[in-house]
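Visitor: Given the structure of chain F, go ahead and fit chain R onto it with the hints provided.
Each chain, written out:
Number of protein chains: 2
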Amino acid sequence: MKTEKTPEAGAITRTPFPNSRKIYVKGEIHDISVAMREISLTDTRHHGRLGAAEKNAPVTVYDTSGPFTDPNIDIDVKKGLPALRAEWIRNRQDVEELPGISSAYGKQRLSDTSLDHLRFAHISKPLRALPGQNVSQLHYAKKGIITAEMEYIAIRENQRIDQQMAELNGKAGTLGHQHAGHSFGANTPKGHITPEFVRQEIAAGRAVLPNNINHPESEPMIIGRNFLVKINANIGNSAVSSSIEEEVEKAVWACRWGADTIMDLSTGKNIHETREWIIRNSPVPIGTVPIYQALEKVNGKAEDLTWELFRDTLIEQAEQGVDYFTIHAGVLLRYIPLTAKRITGIVSRGGSIMAKWCLAHHKENFLYTHFEDICEIMKAYDVAFSLGDGLRPGSIADANDAAQFAELETLGELTKIAWKHDIQTIIEGPGHVPMHLIKENMEKQLEHCQEAPFYTLGPLTTDIAPGYDHITSAIGAAMIGWFGTAMLCYVTPKEHLGLPNKKDVKDGVITYKIAAHAADLAKGHPGAQYRDNALSKARFEFRWEDQFNLSLDPDTAKEFHDETLPAEGAKIAHFCSMCGPNFCSMKITQDVREYAESNGFGEEEAISEGMLAKSREFTSKGSEIYL
Amino acid sequence: MKTEKTPEAGAITRTPFPNSRKIYVKGEIHDISVAMREISLTDTRHHGRLGAAEKNAPVTVYDTSGPFTDPNIDIDVKKGLPALRAEWIRNRQDVEELPGISSAYGKQRLSDTSLDHLRFAHISKPLRALPGQNVSQLHYAKKGIITAEMEYIAIRENQRIDQQMAELNGKAGTLGHQHAGHSFGANTPKGHITPEFVRQEIAAGRAVLPNNINHPESEPMIIGRNFLVKINANIGNSAVSSSIEEEVEKAVWACRWGADTIMDLSTGKNIHETREWIIRNSPVPIGTVPIYQALEKVNGKAEDLTWELFRDTLIEQAEQGVDYFTIHAGVLLRYIPLTAKRITGIVSRGGSIMAKWCLAHHKENFLYTHFEDICEIMKAYDVAFSLGDGLRPGSIADANDAAQFAELETLGELTKIAWKHDIQTIIEGPGHVPMHLIKENMEKQLEHCQEAPFYTLGPLTTDIAPGYDHITSAIGAAMIGWFGTAMLCYVTPKEHLGLPNKKDVKDGVITYKIAAHAADLAKGHPGAQYRDNALSKARFEFRWEDQFNLSLDPDTAKEFHDETLPAEGAKIAHFCSMCGPNFCSMKITQDVREYAESNGFGEEEAISEGMLAKSREFTSKGSEIYL
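Quick note, the sequences are listed as chains F and R, same order.
Numbering follows full-length UniProt numbering, in which position 79 of the first sequence is assigned residue number 79; successive positions increment by one, without gaps.
Numbering follows full-length UniProt numbering, in which position 456 of the second sequence is assigned residue number 456; successive positions increment by one, without gaps.
Next up, chain F with everything else stripped away, as it sits in the complex (with noise of 0.2 Å):
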């Protein structure tokens, strides 16, 4: 039996959006199935030809909602989503099944009874690659394989854009019209993306495709700036939250907006056994921050982490398919004091824990000593590295000091050695900065990091306006997409202040889906600009419920129309409910065009040529009035 399907307390949001269905594409390398979304949408009617009647073809978009918005398949959170990429992994023979967990306090946690109402039933067995063997894309990629996690990608990038340009047959030189961006990569392919230049990128170590071979439920997707923007929500499980279906429903609604990655930055008692039930009913890769865990295993107290807890920690969350790790590497010894006289100091969680404890025992940062250590661990799972900007600037006042400077060339150095493993890497990256000292960031970034894909938060504009900090962030964001970071860690309105709730949550990934898109525009990624386009015609020609549906949130845009003009038949009206049926200067428009042809003017070329004649003599005027 099917799961319900709209939104109530506890339960998962499935309903589809509107005018809306799931597609799924054929690959022609490997047997996969790329799902999309296609929004329907209606005629063109011209006015004052009756009847007259031009089709619109239906718009394809990038869907990161999973299996969730498609009401064909039967989804129980208790059992978790369909294995998508089970076959795929296990038909490259280079994983073995374990017999069971491998970390200490996995298994404790699975001997200790009284957590059996919390555990998730259908828990399988982790795999581990083989002796020898390392199981990530980059590694594949680097002997020349195009694995089906790359065709996927390259198909879901595309977005089915080439195909829909065609079947608007003509239309295409307007709705397919594009400003040429001038920034996007040199490398990138005209128009259409093939699954042998998502190869190149990752093994070039420019893109990451973060999926732990144990979390085959998760949907491909890439990470590089010469694919389209991704962005990133936190979620994290609060005290009073009891439900399990409320803990997974964050992910759930986290992805209907646009997450392309969920961060899963929970606390307190039980985060092993919510870790699994999100990971198992998640369409989109899991990030997290182990040192968080691994300090709730010291009750919090920094100075008594050690390289063998955090050790464990990571096989524990790498065995449960957490598919990249934030690791502050790059937080050594030397450059805490740069910190000392900063107005914010250190204002990064996973930063200033081991700041404490190197501090606390006057040695390096163990993330650092062992990183050679974390990296064998990492491949056995292909989980990908994301390393973390622990020193990031957390006021205007502190942008671009030597202190995050100097971590940044450090994460550049700890790139060198994952790459050495074959281990997918992104750079963490700031915080706050003001709009004329953003260009540095990436330009450092690109220069130390050998164009490893940039992972920025925000960052923030300006600190005078919480309650905002999604806004003063999206600015930042935008700017920072355009000019190559890969992936944008949103920001709620609720930073600095409090705990985002699902409002919050769905606030900060819509602003940050615009930050993305206007990044892809500027750096005119292939057929970025066509919903754009599709939108703006069916707002000139008033149709509304298309512009809704096209729209990145439906439900606002239509609820914000039918505030001022609640009757269905304003749907259909053809003025603005701002202006009136004299005002509206979309209605003027069209009655310039009409006039214009029943006068002759049919033609652009005629029009001037008619209007030309006419003005000139008003330009002579005109010209003689400025004499």
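Don't read these hints as lab results, they were simulated from the structure.
Keep in mind it's a predicted model, so treat the numbers as computed, not measured.
One thing to keep in mind: the hints can contain errors.
Because identical chains cannot be distinguished in the list, a pair is counted as satisfied if it fits within a single copy or across any two copies.
What the hints assert, rightly or not - Derived DSBU-like pairs (lysine-lysine); straight-line CA-CA distance at most 35 Å:
{"no.": "1", "residue 1": "LYS301", "residue 2": "LYS125"}
{"no.": "2", "residue 1": "LYS26", "residue 2": "LYS55"}
{"no.": "3", "residue 1": "LYS269", "residue 2": "LYS22"}
{"no.": "4", "residue 1": "LYS269", "residue 2": "LYS363"}
{"no.": "5", "residue 1": "LYS79", "residue 2": "LYS125"}
{"no.": "6", "residue 1": "LYS55", "residue 2": "LYS301"}
{"no.": "7", "residue 1": "LYS22", "residue 2": "LYS420"}
{"no.": "8", "residue 1": "LYS143", "residue 2": "LYS416"}
Guide: Same frame as chain F, but now just chain R:
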């Protein structure tokens, strides 16, 4: 007796901002008092050092809320605000008081007894320049005169930052710390704006000081790229809203949150009377688009518009005190065909009205052919031109096209004419523009319009987020503000969908204050960063109330914080609600500092030494790892 100070339906919002008082700074050249808002802060308490406390100097901020937030001033909307500038104007002895209003329409409304109940009771006789006189600030500036308005602006723009930095005795190094913006006007005074600098900028046409001699209630403000970036909020009466107080409250509400000017786009029957109420109670300059009212007078039939009717409308509004007029004189007959193939045609109301008129009559735009006649009216009241961009793009696809730039060149031509008459002029700009095409707009505007101030709507950087266009446009607004735009016209979440309500107006204003301030930071405006630093210091020191009070919207910041931690105690809690005591990076950083101090690493130098010594071994050990 005083007006109700708590916001109520129909009442005027007068609640002062928390921990803030209105201060008045005296002039040195003229007998003037410049209103500002002073925010007092609590002391910094150092942990581990009992009782040790450090004073934090109050922060003065630019204040657009006018007398409404000064509880010592009695305000009666039926009488209007005190006439701050009345004496300054009369003392120049170049104006005459007219026996009555001159416009035919104004007289007609006045003689209509059925409107008596709507009429503002205390209408004073209009002022006009004596025959042969020019009362524009540009005219005075060119003659080398520093008016009271100019000195007011110098004091207002400086915000007492220099005094405050001095008061910080020593800590200026911290709070005063500022990133040098790299695009700030070459001829910007370093750290301090003088009255003479204000005069020079106005004389050069680089800045505009809109203040009609018939709007003496307004507090002088300046629009120019070598000053703080300003924002405009559009308001308009709605059929439903009845009470005059509600109409006035809309303007007061927008000013409260930071609107530097208000454009009254009211439509419908009683706009003449409504406008009188708004102007008499507005502490900021008022702008209008006179063609809207003219169109009302001909029942919405664009083709019935005449120069005579438009001229009467200009005089009607100039004598009421409108400070700037949007005039779409650049929509030339020969440019109209250039819009025929656009996805969204002509989206400017004024632009489409004039286009319709031009085609209907096969004549050149009468605003263009009568431009010098318009100039004669403007200079008699010091009304500034806001040359409208009637052909601005309404979608990403139409950005930076031939129609848009053809009109821009004509606006530059008209600017020369306006300046010939010493009339202050600003240029309106787009619209919808992808990020990579924004700079070209600024560069072409500076080139074609000889550095006249640019006044842009957004621009929106994508079309796919109706319901969130305050955000899609804030991205473009912040960027173009940084590039040199002097004033940003706000966009509310209801753009393209419906009429903004009170919440939408506030969201739009706050969002644009963010964009304008982010631009000021990037431009390195003297003192722009002072408030950011004060707030960040408060945030780092867990002075929650100070953080709220220094923010653009203290109410929302406090509300969001209290959602998670309602208890009063939480406001002095030394950890963030997001993380809890163990996880708070700020707390850990403070522990780090204290730890360092208690171990004799009090000074940065000392720390560096000690740490570097300590860390050498690890560096060498570290580097071994990487061989």
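Visitor: Evaluate each hint against the coordinates.
Guide: Each hint tested on the structure:
1. For a Cα distance limit of 35 Å, the shortest separation of LYS301 from LYS125 inside one copy, 33 Å, qualifies, whereas the shortest one across copies, 76 Å, does not.
2. In this assembly of identical chains, the alpha carbons of LYS26 and LYS55 lie at most 35 Å apart only when taken from the same copy (26 Å versus 68 Å across copies).
3. Within a single copy, LYS269 and LYS22 get their C-alpha atoms no closer than 38 Å, and across copies no closer than 50 Å, so neither meets the 35 Å cut-off.
4. In this assembly of identical chains, LYS269 and LYS363 lie within 35 Å of each other by CA distance solely inside one copy; the values are 30 Å within and 78 Å between copies.
5. Proximity of LYS79 and LYS125 under a CA criterion of 35 Å is satisfied intra-copy only: 15 Å inside one chain copy versus 80 Å between copies.
6. In this assembly of identical chains, the alpha carbons of LYS55 and LYS301 lie at most 35 Å apart only when taken from different copies (33 Å versus 65 Å within one copy).
7. In this assembly of identical chains, the alpha carbons of LYS22 and LYS420 never lie at most 35 Å apart, being 40 Å within a copy and 63 Å across copies at closest.
8. In this assembly of identical chains, the alpha carbons of LYS143 and LYS416 lie at most 35 Å apart only when taken from the same copy (18 Å versus 66 Å across copies).
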